[in-house]
Structures are given as structure tokens and as C-alpha cells.
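Protein chains: 2
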Amino acid sequence: MTDTPNGAQALIRTLVDSGVDVCFTNPGTSEMHFVAALDTVPEMRGILGLFEGVVTGAADGYARMAGKPAATLLHLGPGLGNGLANLHNARRGRTPIVNIVGDHATYHKQYDAPLESDIDSIAAGAPGWFRRSKSADEVAGDAADAVAAALSSPGGIATLVLPADTCWLPAPDGAAPPVAPTAPAPVATEAIERVAALLRSDARCGLFVGGRALTAEGTRAAARVAAASGATLVSETFPARQRRGAGIPGVDRLIYLAEFAQMQLAGIEHLILVDAVEPVSFFAYPDKPSTIAPDGCEIITLVDGRHDAQAALDALVDALGAADVAGLEPGRPARPSGPLDVGSFADAIAATLPDDAVVVDESNTSGLGLQAATAGCPPHDWLCLTGGSIGIGLPLATGAAVGAPGRKVLAVESDGSGMYTFQALWTMAHEALDVAVVIANNGRYSVLDMELDRVGAEAGGPKARAMFDLTGPDIDFVSLAQGLGVPGERVETADALADALDRAYATEGPYLIDAVLPPMAF
Amino acid sequence: MTDTPNGAQALIRTLVDSGVDVCFTNPGTSEMHFVAALDTVPEMRGILGLFEGVVTGAADGYARMAGKPAATLLHLGPGLGNGLANLHNARRGRTPIVNIVGDHATYHKQYDAPLESDIDSIAAGAPGWFRRSKSADEVAGDAADAVAAALSSPGGIATLVLPADTCWLPAPDGAAPPVAPTAPAPVATEAIERVAALLRSDARCGLFVGGRALTAEGTRAAARVAAASGATLVSETFPARQRRGAGIPGVDRLIYLAEFAQMQLAGIEHLILVDAVEPVSFFAYPDKPSTIAPDGCEIITLVDGRHDAQAALDALVDALGAADVAGLEPGRPARPSGPLDVGSFADAIAATLPDDAVVVDESNTSGLGLQAATAGCPPHDWLCLTGGSIGIGLPLATGAAVGAPGRKVLAVESDGSGMYTFQALWTMAHEALDVAVVIANNGRYSVLDMELDRVGAEAGGPKARAMFDLTGPDIDFVSLAQGLGVPGERVETADALADALDRAYATEGPYLIDAVLPPMAF
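From first to last, the protein sequence lines stand for chains A and B.
The first sequence begins at 3 in my numbering and counts up by one.
The second sequence begins at 3 in my numbering and counts up by one.
Derived by calculation from the structure, the hints in this document are not laboratory data.
Wrong hints could be hidden among the right ones.
A pair counts as met if it fits within one copy or between any two copies, since identical chains are not told apart.
Straight-line distance between alpha carbons at most 30 Å, and here's what the computed DSBU-like set of lysine-lysine pairs gives [to be verified]:
| id | residue 1 | residue 2 |
| --- | --- | --- |
| 1 | Lys136 | Lys290 |
| 2 | Lys465 | Lys290 |
| 3 | Lys410 | Lys70 |
| 4 | Lys410 | Lys136 |
| 5 | Lys136 | Lys111 |
| 6 | Lys465 | Lys410 |
| 7 | Lys465 | Lys136 |
All chains should be modelled from the sequences, with the hints used to inform the complete structure.
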């Protein structure tokens with residue numbers, strides 16, 4: 003950039019200088035100057051997704067593994083809208099993402115051209131830091147502020163809207179100075195002491211851990227605190243990233259169904275939140291409560307997203323003089339054989355899981371056996387659907403593979419959720435990402451069979467159940483994968499699944515396994 | 003419904019009584035009572051889409067053909083977000099749609115459960131009538147108001163948010179009285195006379211027609227006015243629904259590229275808008291103007307969405323004493339042979355188009371020859387991408403086939419756009435819809451090659467062009483279709499395309515043709 007850079011060039015240089023050097027994108031005309039500027043900043047890697055839900059989900063997966071944000075580049079309001087569901091999930095997981103949303107040139111907006119829409123309102127669907135650049139001069143500074151916001155504690159979604167002329171006009175000052183992450187704040191000593199006193203008392207305490215506390219070290223510290231105090235240790239239902247496996251203490255997850263979750267927390271008088279929010283029922287149901295903790299239970303936020311979770315847990319360990327605890331023994335199920343069901347499905351996955359794998363889990367009802375089966379597997383990272391909006395798994399696995407090069411990624415995906423953003427497979431193939439995709443293909447939105455019963459819906463009959471039916475035609479995921487350049491195979495037994503998984507892990511690049519399962523019976 | 007209905011039952015009964023008897027849906031837990039209520043109202047047809055962009059695009063296509071709105075049923079903010087891009091397109095086409103968006107129960111919202119989001123803001127991305135039901139008692143009345151809003155002149159998007167408890171609690175009053183469409187208002191006589199006087203004068207006038215004026219009758223009346231007065235007759239670039247073909251006068255469309263569109267309108271002193279808005283450039287470009295009409299040209303809105311376009315055009319015919327005009331002669335290209343290019347692609351489609359077909363056109367650059375080639379085909383309806391947000395074609399064709407039973411639907415789809423919402427093929431197969439899908443597969447976002455040049459983007463090199471590249475792997479649309487239960491074939495010559503189209507039209511249910519084209523050279 004010996005010549006005066008334009009706004010787009012200054013923007014990308016600023017991002018790269020601050021460590022944001024991957025951009026997942028599906029651009030359009032209003033983003034052409036950004037795209038052109040990719041050639042002037044060699045350090046920025048552009049990765050194309052064939053739908054914006056892939057783009058935003060991949061940015062989430064990347065950041066969860068790389069520990070720093072990616073950028074997205076989205077085309078006006080509709081592009082942001084298409085990416086919104088996975089931004090919602092990222093926000094719930096507190097993943098840092100820097101969204102760049104192109105817009106019409108400042109002077110063109112008044113004409114209400116066909117693609118004009120209310121970008122600012124759409125962005126409120128996944129709220130966080132938000133700004134609209136006013137001029138090319140300000141773009142680099144705006145980008146630095148966006149990165150700083152994404153990297154703050156708690157970080158999250160930062161969305162910068164760039165009218166096209168702010169990208170194409172000159173930005174003589176060039177890039178903004180690099181920004182660094184904000185360090186999380188320590189938890190106040192008084193708060194630690196108060197919680198330590200409760201843990202030492204006879205009161206029944208619960209530790210509810212999530213977020214950044216679910217590293218190996220965080221989990222060990224939490225387990226030590228629980229063992230020393232007798233507190234009940236439970237993790238979030240759907241952690242953004244959890245380190246688990248042999249050698250790491252086990253942590254029960256809070257069960258999705260509120261009535262069972264209530265049993266897990268029964269009798270607890272003080273629930274201590276460690277980088278997690280108060281547990282509530284995912285949905286409301288007639289005659290079922292919205293909250294999970296017992297009536298009268300005190301909710302204590304010890305650590306929230308602004309705080310250093312590890313330091314707080316270490317301080318509790320010290321305060322309690324908590325002895326070390328054993329991690330889980332290594333061990334996994336034998337390779338299963340016979341029919342595929344929820345149990346043998348989990349066993350096949352656990353029996354074959356590679357060392358240091360990254361597991362992306364959007365398996366929904368079909369994955370109910372996975373947690374138990376994989377508990378003693380070699381240590382691995384487990385990434386969940388954090389915000390309840392289906393369609394995250396395949397994009398998340400795509401981004402995780404970019405963010406964790408050299409590691410094997412396993413995406414355990416349900417059929418209905420997988421259909422939402424199946425386009426991700428093309429990016430996996432295009433970027434030669436080592437992702438083994440297992441589709442739990444039971445031909446239904448099986449969770450809705452359960453939910454229809456649970457909401458007590460009157461008169462749900464064949465027309466209602468037909469809305470959950472993914473058969474007629476059956477979906478052939480091997481053909482779908484082949485259409486996007488991904489090899490694969492269909493399996494109908496547990497031994498075939500285990501064998502196919504071995505092949506998938508031995509394959510360079512993505513590989514898909516269409517595992518035919520019976521629908522869950524509720 | 004002898005028992006007291008619940009809110010959901012009263013809602014669906016109200017919709018059906020007002021003629022809204024098709025609901026495209028992808029529901030979730032918060033919509034289970036609506037789904038259950040489908041079994042209590044037999045007249046309501048539920049049609050499942052495997053992604054919300056399919057649901058909203060299908061509702062658009064349905065209404066364009068059926069002439070009345072469908073309902074959609076969407077799952078909270080993320081479901082609405084997933085459907086937003088095609089709602090944006092529907093809004094730009096002024097299609098009536100009644101969106102039902104489920105939400106958490108009123109008392110549950112305070113807990114910020116994982117799927118909680120700002121639905122109201124997201125809905126502002128495709129603005130129109132909006133309401134949030136407050137209680138089960140009010141749901142039926144709210145639904146009636148939503149239908150009335152969608153059916154008013156101009157109609158459009160009506161979005162009703164239903165907290166789950168407003169669906170499951172009793173609604174003792176049951177359904178609301180049926181609502182009927184609002185008749186469009188007549189254009190004031192003075193406005194007709196003023197425009198007639200201009201048309202009779204020596205001033206150079208242009209008639210810019212769109213919306214509901216593009217029926218066979220409206221087109222004929224507009225052509226008579228133009229012929230009698232010497233006015234230039236041009237239609238919208240991307241009509242929502244245009245009747246065209248042999249026997250109907252031809253109308254040039256305003257060209258997408260602003261510099262060519264300006265040539266079409268050069269010298270015009272008074273541009274008369276007939277159910278169309280003032281033409282503007284789709285995007286801004288450095289050193290190119292935003293508006294299309296010549297400087298100083300008077301823009302006269304004779305007919306907007308509230309008005310009866312046909313009556314206004316008939317009044318102009320009478321005022322001018324305009325003689326009848328000939329329609330286009332029947333005629334179509336010979337069946338082509340040899341390599342596939344933009345010309346032979348169009349010829350193959352024109353040579354085989356069935357009588358009274360419905361053509362859904364999201365062919366982008368590959369379809370540049372279609373308008374000319376099909377001008378003398380048997381009369382047919384042509385449906386365009388109205389709002390510029392790609393991913394409408396396959397959903398639109400799905401809904402059009404539901405809304406126009408017995409007619410053959412042809413979807414001409416580009417590869418990049420088709421990948422956005424390819425899930426629609428499953429619904430085509432599931433509902434046995436007679437849709438011939440032709441994918442113009444040139445392996446690129448070819449329009450962006452052109453736009454990168456047009457924006458004058460500096461230094462766009464290989465990294466930029468790689469963002470438009472849909473190869474490595476090549477997308478195999480036949481495999482994709484097969485994965486969703488749709489038969490098909492790949493063609494690489496013009497004669498093979500024509501033969502394949504014959505097979506597609508002879509096939510009951512959907513059929514896909516993957517037509518391999520060279521990228522456009524710009």
C-alpha cells in the first residue's frame with residue numbers, strides 16, 4: 003500500500019494488525035471494494051460460504067477454537083438476516099465475532115433501492131457493539147473499535163456497517179493502531195470470601211459452571227471445590243466449548259428437560275454461578291415452572307463474563323484448602339455391533355474418537371448417549387449449540403477446523419438441523435478441512451414429537467405429526483454430500499458406523515456418514 | 003370444535019374463514035399448539051419447508067399465483083431471521099403474506115431463555131403490519147386484522163407474534179368474523195385528465211409500468227396508450243408477476259445496468275408511474291448516478307399500490323381514444339443444437355415452454371437471453387426476484403406450484419442463488435409439485451465478476467476473484483437433487499437441454515436439469 007489506501011484497504015489492514023486475519027464471507031456488489039482489497043493485504047484469508055448462515059456459524063466455530071475473532075463480510079440487510087440465527091447462537095455462547103455488513107453508499111440510501119432495508123434493526127436481533135461508519139476516514143478507527151469490543155470481557159458480537167463509499171473513498175491515514183484483548187477483571191476478594199464461607203457452612207450449595215470455566219484447569223478447580231465442600235457441581239446444558247475426557251474430572255450437565263434439571267438442583271440453598279447465567283427452562287410449558295433452582299434458593303453470580311473465571315476458582319481452591327481430585331479413568335466402550343440405536347450410535351463414536359478431537363454436537367435427541375459414552379475418551383473439546391437455533395453444526399465444524407488446524411473435527415449432526423445449513427459441506431471440501439460428519443438420520447424432527455407431548459397440546463394428530471416428518475422422500479445425505487464434493491457412505495449398523503468413522507478419520511478432507519437411526523420413542 | 007377452542011384453534015379457524023388456508027411452516031416448540039390445532043381445522047393445509055427461507059419464499063410464490071395470502075409459521079426470532087431475506091423480496095414485490103411467529107409464553111420472556119431475542123426489531127427488516135398478541139382472547143381478532151392488513155391496497159407483509167400461552171389458553175369467543183380484501187381505490191379523474199393532456203401534448207412522455215398493471219389486460223391498455231400517444235413504454239426491471247407471450251403486446255423491461263437504463267429513458271420529460279416506483283440504480287457506483295430518469299424529468303405517480311391500475315389505464319385509453327394494438331406474433335426459436343451458451347440456453351427454454359407455464363426466473367447473468375427468446379411463446383406468467391436478495395427462486399417455484407395447481411412451473415435458477423435455499427427441492431418432492439428446475443451452472447457468482455469491474459474496484463486480483471468461484475469442488479446439482487428425492491440429469495449441450503426439458507415437463511412431480519454453461523465473459 004504505497005499509494006493512499008481506500009477505506010476498505012485501511013479496514014482490512016487494521017483487522018489483520020489486530021490479529022483478525024480470517025474473513026468468512028458471502029459478498030455482493032456493495033462489498034466489492036472490500037473483496038478487491040483482499041489482494042492488497044496478503045495476510046487476510048478469505049473463506050467463501052455459500053450461504054450466510056454458513057459464514058456466521060463458521061466464524062463462531064473459528065473463534066471458539068482459535069481463541070480470537072474472525073471477521074464476517076455480509077451483503078446488506080438480507081445477508082445479515084440470513085446470518086442472524088447463527089449470530090444469535092454465537093451471542094449466547096459469548097463468541098467474539100467482527101461482522102462487516104456492506105450497505106448502499108451514503109448518498110444512495112435515500113433512493114430506497116431494491117436492496118435497501120433496515121440493517122440497524124436487523125442487527126438488534128443479535129445485539130452487541132454496533133456502529134455505522136460515516137466516512138472513509140473513520141473506517142479504520144471504527145474497525146479497531148469493533149475488534150476491541152469483540153475482544154473485551156465479556157466480548158461478543160461487534161457489527162460494523164460500511165456504506166460502499168466509505169470503502170471506496172481514500173483513507174489517507176491508513177490503518178488504525180492494533181488493539182489487544184481486554185484482560186478479564188478479577189473477582190473481588192469479598193465475593194470469594196463470602197462464597198467460600200457458604201461452601202464451608204452446612205448450607206447446601208451448588209456450583210453452576212459454564213463459559214470459560216470449562217477448560218481442563220477450570221473443571222479441575224471446580225471439581226476440587228465441590229469435593230472439598232460437598233457442593234453439587236453441574237455445568238451448563240450446552241457449553242460453547244468444554245474440555246473433557248480421561249484425566250479430567252467429570253461434570254454432569256444440567257439436563258435439558260426442566261423437570262429433570264429441577265431434580266438435579268433439588269435442595270440447593272445457594273446456587274453459585276461461575277461464568278454461567280441462572281438456569282431457566284428452555285421453553286415454557288403449561289403447568290410447568292420457568293425456573294430450575296428450588297424456590298427460595300439464593301442465586302449468587304460469582305463470575306460473569308467480565309471476570310477471570312480460572313482465577314476465581316483457584317482462589318476458592320485456596321480458600322477451602324481443597325485437595326486435588328482424580329480425573330476420569332481412561333476408557334471407552336468396546337466397538338459395538340448390531341442395530342443402530344441411540345446407545346450403539348454413541349458407542350461407535352466413543353470407540354473411535356481420535357486423540358484431541360474437536361466434537362461439534364448438534365445431534366439433539368439422537369445424541370442422548372454421547373456424553374456418557376465419551377466421558378473416558380482421550381481428552382477432547384466439545385462444542386454445543388449454544389442458543390437453541392438449529393443449523394449451527396456444519397458451519398461450526400467448518401470454522402472449528404479452520405481455527406484448529408491439525409486436529410480432527412467430528413460433527414455429530416441431526417438430519418433436520420443439518421438440512422438448515424448443509425451448504426457448509428462445500429466450504430469443507432473447498433478448504434480441504436478434516437471434518438468427519440455423522441448425520442443421525444432418523445427421518446424426523448424427533449425432538450418435536452417429544453415437545454408436542456410435553457406442551458400438552460390438545461388434539462395433535464396426523465396433520466401435526468406430519469410437520470415433523472422428514473420422509474417421503476427420505477433424505478439421502480450421501481448424495482447431498484457428493485453433490486458438494488464430499489465423499490461419504492451410508493451405514494445402518496453400529497459396526498458399520500465404527501468402521502466408517504475409522505475411514506473418515508483416515509481421509510484427508512471432509513467425509514460424511516449417513517447413519518440411519520430409528521426415531522426416538524417418547 | 004364443540005369444546006372451547008384455545009387461541010391457536012381460534013386463530014387457524016379465523017385464517018381459514020378469511021380464505022387463508024395454506025400454511026408454509028418450519029415450527030418449533032413454541033409453535034406446538036398451532037401445529038396441534040391443524041388437526042382441528044381440516045381446511046388448513048400445512049406444508050413443511052426444511053428451512054425458513056423456503057417457507058417465506060414459498061408463501062411469496064403462492065400468493066403471486068393464488069392471488070391471496072398464505073400464512074407462514076416461524077419459530078421465534080431466529081426462525082423469522084432465517085426467513086427475512088425472502089420476506090424482504092416479498093415486500094418489494096408487494097406480496098401479501100401473513101406471518102405467524104411463535105414466541106415464548108408472556109410470563110417466560112423475563113427469564114431471557116436461550117432462544118429469547120428481539121423479534122420486534124428483526125421484523126422491522128421486512129416492515130409492514132406488525133402486532134404482538136397479548137392474550138388468547140385477542141388472538142382471533144389479531145389474526146383477522148393481520149389478514150385485513152395483508153389484503154389491503156397496498157397489501158403486504160403482516161406479522162403477528164404469538165406468545166405460546168396465547169395459543170394454549172382458552173379463547174371462548176372462537177374465531178373472528180371473516181375479512182375480505184379491500185378494493186383498490188380509483189385514481190382521481192383530475193389525475194387521469196392531467197396525464198392524458200400530457201400524453202396528447204408534444205412533450206416526451208414515458209409510461210413506467212409494474213405491479214398489478216402487468217396482467218395481459220393491463221399490458222394491452224398500456225400499449226394502446228403508448229401507441230396512441232407516442233410515449234415510451236417500459237416495465238419494471240424485475241416484475242413480481244408479468245403475463246406475457248403470443249397475443250400480448252410486448253413491453254421492454256428497464257435494463258438492470260443503470261447506464262443502459264438511462265439510454266432507454268433518454269429525453270423523457272414526464273415519466274408516468276403506473277403501479278411502479280421511480281426507477282433508481284440497483285447499487286451505487288463511483289462516478290455513476292443513482293437515478294435513471296433524465297435530469298429535470300418530472301416523475302408523476304399516476305397509480306400506486308393503493309390504486310386500481312387497470313381502471314386507470316382503461317381511463318387513459320378512453321381519454322386518448324386509443325385504438326387497439328396487435329399482440330406479439332406467436333413464434334419461438336427452433337430447437338437449438340450445439341454448445342450451451344446464454345443464447346442457446348434461452349432458445350432451448352423458449353422452444354419447449356409449455357402452454358400457460360409459470361416461469362420463475364432467478365437466472366441472473368445466465369438468463370440474459372430469456373426475455374427475447376420467449377417473447378412469442380404461448381402466454382405464460384413470469385415471476386422475478388423482486389428485492390435483489392438471492393435465494394428466492396426454488397422456494398418461489400415451490401409456492402407457485404401450490405398456488406397454481408395444474409400448471410407447469412419452470413424454475414430457471416442460477417447455481418449460486420440456487421445453493422441458498424436448495425432445501426426447497428425436498429418440499430417439491432414431498433408435495434409432488436410439477437416443477438421443472440433448470441440450474442444454469444456456470445461455476446461462478448458471475449454477476450460479481452461484472453460488478454467488481456463496474457465498481458472500479460482497485461487491485462481486485464486472484465484473491466478477490468476466488469470469492470466468486472463455485473468450483474473446486476464443482477457442484478453436482480443432480481446429486482443434490484437426488485439426495486432430496488428429485489430425479490434429474492446433467493446436460494452440456496443445447497439439444498440435450500431441450501430434450502431434458504421435454505422429459506421434465508412429462509414427469510409428474512419435480513425434475514432437475516443441471517445445465518453446464520460457460521461463465522459470462524464481461
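Against the structure, the hints come out as follows:
1. Lys136 with Lys290: Result: close only across copies, 20 Å inter versus 49 Å intra.
2. Lys465 with Lys290: So lysine 465 and lysine 290 pass the 30 Å test inside one copy only (26 Å; across, 55 Å).
3. Lys410 with Lys70: For lysine 410 and lysine 70, the Cα distance is within 30 Å only inside one copy (20 Å; across copies 51 Å).
4. Lys410 with Lys136: Neither: 43 Å inside a copy, 49 Å across copies.
5. Lys136 with Lys111: Only inside one copy: lysine 136 and lysine 111 sit 13 Å apart there, 36 Å across copies, limit 30 Å.
6. Lys465 with Lys410: between (42 Å within a copy, 27 Å between copies)
7. Lys465 with Lys136: For lysine 465 and lysine 136, only the inter-copy Cα distance (27 Å) is at most 30 Å; the intra-copy one is 52 Å.
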